[in-house]
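*Asks:* Chain residues, written in single-letter form:
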Amino acid sequence: MNDKAQLYTLEGLMAAVLITLTVLAVAQSSVVIIPQTDNFLEVQMKQKINDALVILDVTPDTTMEYNLTECVASWNTSTEASYGKDQLLALDKQLAIMLPDLMYNVEFAYVENSSVVVKNTVFNGAPTENSITANRLVALSNATVNSYGGTWMIPDDELKVIEVRLTAWHV
Amino acid sequence: MRLFFKNEKGVSSTTGYLLYSSIFIMFFVAIHFSVNDVLLERQSDIVIEEGFSDIGNMMSTTLTDMYLVAPENGRIDTKYMIPTTIGNEYYTINADVATTDQLIEVRSHSSQRKVDVTISGIASTVPINGTALSGEMEHMISYDSRRQLLWCWGGC
Amino acid sequence: MARIIENDQGQWILLSGLVVAIALVFLVTLMNNATVTGYHSSNNALEFPKDDIRDLVSQSRDATSQAVHIAHQINQSSNQTIPDITTSIIEDFSRQTSLLYASHGQTVAISVSNITTNNSTSAFGDIVWLNISYNDGNTFYSSEPEIVEVSV
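Residue numbers (my numbering), protein chains in the order written: chain A, 1 to 171; chain B, 1 to 156; chain C, 1 to 152.
So that you can see chain A by itself, here it is in the shape it has in the complex (with noise of 0.2 Å):
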């Protein structure tokens, strides 16, 4: 009987035992990993812009300097924003302290002979792709433009609606 090359075999017996053992160790206890979409990051900024443009709106004239009506009205219609020229300083003030780490840009759309005009009124730079915009409606009569020195030009029997839309996006 041939007894050469007992210890080679039992090194290969112990060999692939070892390795099965690891891999069905390493099998068991892996900790699998199941990537997640950054749409949540979106939700959240959704609800953080819809919330500042309703305090803006709702707030009473007498706790905050400019709320929203005030702002809008008091906009000079002629003018339109472009990088480094705002044209509502109010407004970009207090959605600076109220975003204070999202870049947004404002825009004022209404409707002149039946079609919908819009205009840029704060222009902080392109929104990316993740951008999320937020709308608000602001209706306006004349006697408030008047009370607050605006220059829309609104017939005493009707109201002028201006849509205020603000586009959010994360640096």
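Derived by calculation from the structure, the hints in this document are not laboratory data. One or more hints might be untrue.
Examples of chain C residues toward chain A, derived with CB under 10 Å [said to hold, decoys possible]:
id, residue
1, A23
2, L56
3, A71
4, I90
Cross-link-like lysine to aspartate or glutamate pairs, in silico, EDC-like; alpha carbons within 20 Å at most [unchecked claim]:
id, chain 1, residue 1, chain 2, residue 2
5, C, K50, B, E72
6, C, K50, B, E41
7, A, K4, C, D8
8, C, K50, B, D144
9, A, K46, C, D136
10, C, K50, C, D136
11, A, K48, A, D38
12, B, K9, A, D3
13, A, K93, A, E112
14, B, K79, C, D62
15, A, K93, A, E129
16, C, K50, A, D61
17, A, K4, C, E6
18, A, K46, C, E47
19, C, K50, C, D62
20, A, K48, C, E47
21, A, K48, C, D62
22, B, K9, C, E6
23, A, K46, A, D57
24, A, K46, C, D8
25, B, K114, B, D96
26, B, K79, B, E136
27, B, K6, A, D3
28, A, K46, B, D65
29, C, K50, A, E70
30, B, K79, C, D136
31, C, K50, B, D96
32, A, K48, B, D65
33, B, K79, C, D8
34, A, K48, A, E107
35, B, K114, B, E41
36, C, K50, A, D3
All residues carry an ideal CB built from backbone N, CA and C; glycine is no exception.
Since chain A is already given, all that's left is putting chains B and C on it; use the hints.
*Replies:* Below, chains B and C without anything else, positioned relative to chain A:
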């Protein structure tokens, strides 16, 4: 013939072959009992758990949002989309336990897995019931203020 | 044949090949079933137009109250009735609002179904019945009637 029996060449190869094959067969039997559990069931469990809780959270969020904007007189309907299978299993979203247990239950058809998601207690104000099967084409949640505040889904 | 049996080159490659094969089976089964998590809940939270509907209803109520006040002022110097003036202001408001909402893909309609004016100086004011409807393809909302009480 005797020479044939006395010939001992090739014993170690044969013994080696027998040894190796018996060891491998034992390994195969040992692994066979655990491979189904380790390699297949475990990730199915994980995938289904997170998929069902995602769907349950979506239903809970949508129901809470609808409850917040529901009109006093009028109706509101919303269509929603869910994947047909999660982890290759069809499932059912069941809201019949919502009134008693304040839960939305997502249950799989073929296995026993289910995930419950709470709905922040709104079912005590507005009764919610209905079921939605994942294989249906359209899913809808609707609310009508005239029908005694009943919600009904999945093809009403 | 003896040389093939005694040749022990390539053992590590064979063993690591076996390990890699088992790991691949595991991962492939996982990838087949796994999806990106958290998609449906966050997608529906983004898509459901809760803020749009709330804003529409609250601004309609606000504009109705403004319209009634303007109507009372105009009525003192012209011979149009208060319900007529209020209805025309709200119709104009509805026209502008539907154009603005249509510019981002939603259909909105606001109409007046009834107005009762209270001429006496009691505590009750005018009551306007509005019909508000909203549709963005996935969600349909209608409030009929939305009752707005305005005290002048």
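*Asks:* All hints, please: hold or fail.
*Replies:* Here's how the hints hold up against the structure:
Because the closest C-beta pair between A23(C) and chain A is about 8 Å apart, less than 10 Å, the hint holds. Restraint check, L56(C) versus chain A: the minimum CB separation of about 8 Å is within 10 Å; hint holds. At a threshold of 10 Å, the smallest CB-CB gap from A71(C) to chain A is about 8 Å, leaving the interface hint in force. Given hint, I90(C) at the interface with chain A, holds; its Cβ is 9 Å from that chain's nearest Cβ, closer than 10 Å.
Between the alpha carbons of K50(C) and E72(B) the distance comes to roughly 15 Å, so the proposed pair stays at or under 20 Å and holds. Under the criterion of a C-alpha separation no larger than 20 Å, the hint pairing K50(C) with E41(B) is inconsistent with the structure, at around 40 Å. Only pairs whose Cα atoms come within 20 Å are accepted, and K4(A) paired with D8(C) is accepted, the gap being roughly 16 Å. A C-alpha spacing of about 17 Å is found between K50(C) and D144(B), which places the hinted pair at or below 20 Å, so the restraint holds.
With a C-alpha separation of about 18 Å, the suggested pair K46(A) and D136(C) falls inside the 20 Å cut-off, and the hint holds. Between K50(C) and D136(C) the alpha-carbon distance is near 12 Å, which keeps this suggested pair within the 20 Å criterion. Only pairs whose Cα atoms come within 20 Å are accepted, and K48(A) paired with D38(A) is accepted, the gap being roughly 16 Å. For the proposed pair K9(B) and D3(A), the alpha carbon gap of about 12 Å is at most 20 Å, so the pair holds.
The straight-line distance between the Cα atoms of K93(A) and E112(A) is roughly 29 Å, outside the 20 Å bound, and the hint therefore fails. Between K79(B) and D62(C), the direct Cα distance comes to roughly 30 Å. Violation of the 20 Å bound is thereby established for this hinted pair. In summary, the hint linking K93(A) to E129(A) is not supported, as the alpha carbons are separated by about 25 Å, beyond the 20 Å threshold. For the hint pairing K50(C) with D61(A), the CA-to-CA distance comes to about 27 Å; that exceeds 20 Å, so the pair is violated.
Using a Cα cut-off of 20 Å, the hinted pair K4(A) and E6(C) holds, with the two alpha carbons roughly 12 Å apart. Simply put, K46(A) and E47(C) have alpha-carbon atoms about 11 Å apart, close enough for the 20 Å limit, and the pair holds. A hinted pair counts as satisfied when its Cα atoms are at most 20 Å apart, and K50(C) with D62(C) qualifies at roughly 18 Å. Between the alpha carbons of K48(A) and E47(C) the distance comes to roughly 16 Å, so the proposed pair stays at or under 20 Å and holds.
Taking the CA atoms of K48(A) and D62(C), the gap is about 23 Å. The hint is violated against a cut of 20 Å. Restraint check for K9(B) and E6(C): the C-alpha separation of about 16 Å stays at or below 20 Å, so the hint holds. The hinted pair formed by K46(A) and D57(A) meets the criterion: a straight-line CA distance of about 17 Å does not exceed 20 Å. Restraint check: the Cα-Cα separation between K46(A) and D8(C) comes to about 65 Å, which exceeds 20 Å; the hinted pair is violated.
For the suggested pair K114(B) and D96(B), the alpha carbons sit about 15 Å apart, so the restraint of at most 20 Å is met. Between the alpha carbons of K79(B) and E136(B) the distance comes to roughly 13 Å, so the proposed pair stays at or under 20 Å and holds. Proposed proximity of K6(B) and D3(A) is supported: the alpha carbons are some 18 Å apart, at most 20 Å. At roughly 14 Å between alpha-carbon atoms, K46(A) and D65(B) fall within 20 Å of each other, so this suggested pair holds.
A threshold of 20 Å between alpha carbons decides the hint, and for K50(C) with E70(A) the separation of about 26 Å lies outside it, so the pair is violated. Proposed proximity of K79(B) and D136(C) is supported: the alpha carbons are some 11 Å apart, at most 20 Å. Distance restraint check for K50(C) and D96(B): the Cα-Cα separation of roughly 25 Å exceeds the 20 Å cut-off, and the hinted pair is therefore not satisfied. Straight-line distance between C-alpha atoms of K48(A) and D65(B) comes to about 16 Å, which keeps the hinted pair within the 20 Å bound.
In summary, the hint linking K79(B) to D8(C) is not supported, as the alpha carbons are separated by about 66 Å, beyond the 20 Å threshold. Annotation: proposed proximity of K48(A) to E107(A) holds, straight-line Cα distance about 18 Å (limit 20 Å). Annotation: proposed proximity of K114(B) to E41(B) holds, straight-line Cα distance about 15 Å (limit 20 Å). At roughly 83 Å between alpha-carbon atoms, K50(C) and D3(A) are farther apart than 20 Å, so this suggested pair is violated.
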